[in-house]
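**Student:** Sequence:
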Amino acid sequence: MHTRAALLHEPRARMHTGRVPSDPQPDALLTLLAVARLGRYTAAAEVLGVNHSTVSRRLAALEADMGGRMLVRTNAGWQITALGRRALAAAETIEGTLRELGADTGRDSLQGMVRIAAPEGFTSSFLVPAMVELQCRHPELAVELLAATQRVRQNRSGVDVEVVVGRPAVHRAFATPVCDYSLRLYASPAYLARTGIPSSLAALAMHPVIYYIESSLQVDELDRAVQPLPASPPSIRSTSVFAHVEATAAGAGIGVLPDFMADHDARLVPVLRDAYAHPLSYWAVVRDEGPRNPAVAAAVTAIREHVRHAHESPADT
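Residue numbers in the sequence shown follow UniProt numbering, run continuously in steps of one, and reach 317 at the last position.
Hints in this document: simulated from the structure, not taken from any laboratory.
Glycine included, C-beta positions come from ideal geometry on N, C-alpha and C.
Careful: at least some of the hints might be erroneous.
[Unchecked claim] Between beta-carbon pairs, the in silico distance windows are:
| no. | residue 1 | residue 2 | range |
| --- | --- | --- | --- |
| 1 | Arg-69 | His-311 | 44 to 52 Å |
| 2 | Leu-101 | Thr-42 | 25 to 33 Å |
| 3 | Pro-139 | Thr-93 | 41 to 49 Å |
| 4 | Ala-250 | Asp-223 | 38 to 46 Å |
The whole structure should be built from the sequences, with the hints applied where relevant.
**Tutor:** Following this line, the structure appears as structure tokens:
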């Protein structure tokens, strides 16, 4: 009959590392947890407040102690192995215990860092206020926001949450809808007074249309938004939605803008509202291990709650 000690040391012997096996260290287990959630050594190192070599050294020691590989490299970043999942369960237990101890001493149980990548329009309108509210409630939680308008990445390493336009097709990830919105046409009153109000979509052929640079668009849904529109005269194009808003407000032409930004801008008025609207949606994408991270779960909940309240009419509140 195998003893418990024999069962523990048998897989370690297969590693042939030359180091004396020992019980896995808590810091190594928590390091594994950070890498599994973020998919990158460098991102985990920043969250843990150590350097890349320390992460590598801790994981090498953990693999020697456990007797096998904890992680494998894929196109989506580092992924956890079956053996790694056993260690991950222990790491989550340690994390939960530390959180409970912090709560017992009166310390905020939500700590660490959460990294979120999102389009800049969504970031300014929804993400920033949502994270300000969350961070005010949990001052020991650090938040990093990365502005990016792009298709969902199969490699989500380095971020905890990615907000994307359109329903994503993802693997090894959890996706949840955040909100719906529409792209519509807007112009400044001064521009319309100067050029006249277009009577149809076909009449837009006489107006500069302000939108993204076609060759730089990475999101198919945003590309399809202007396909029903006729070719327009030379106009101002930009990779920044804020540039679209400012150019439209300055009278450079008719802008294709998110309604949640333009409807509340007193400098703009809608154009052909009954003739054109391109519905879109925002989705939040989290790596498989992400939802079990309390900070990530709290961030996603805060985003969805803020968006829901922002979309409620005064009569509903």
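**Student:** Does the hinted range 41 to 49 Å hold for Pro-139 and Thr-93 at CB?
**Tutor:** Violated, since Pro-139 and Thr-93 (Cβ atoms, about 26 Å apart) do not stay within the stated range.
**Student:** Okay, Leu-101 versus Thr-42 on CB: inside 25 to 33 Å?
**Tutor:** At roughly 29 Å between Cβ atoms, Thr-42 and Leu-101 fall inside 25 to 33 Å, so the hint holds.
**Student:** Just tell me: holds or violated, for the beta carbon distance of Ala-250 and Asp-223 against 38 to 46 Å?
**Tutor:** Violated: the Cβ-Cβ distance is about 25 Å, outside 38 to 46 Å.
**Student:** Do Arg-69 and His-311 keep their Cβ atoms within the hinted range of 44 to 52 Å?
**Tutor:** holds, 46 Å
This entry does not satisfy hints 3, 4, going by the numbered hints stated previously.
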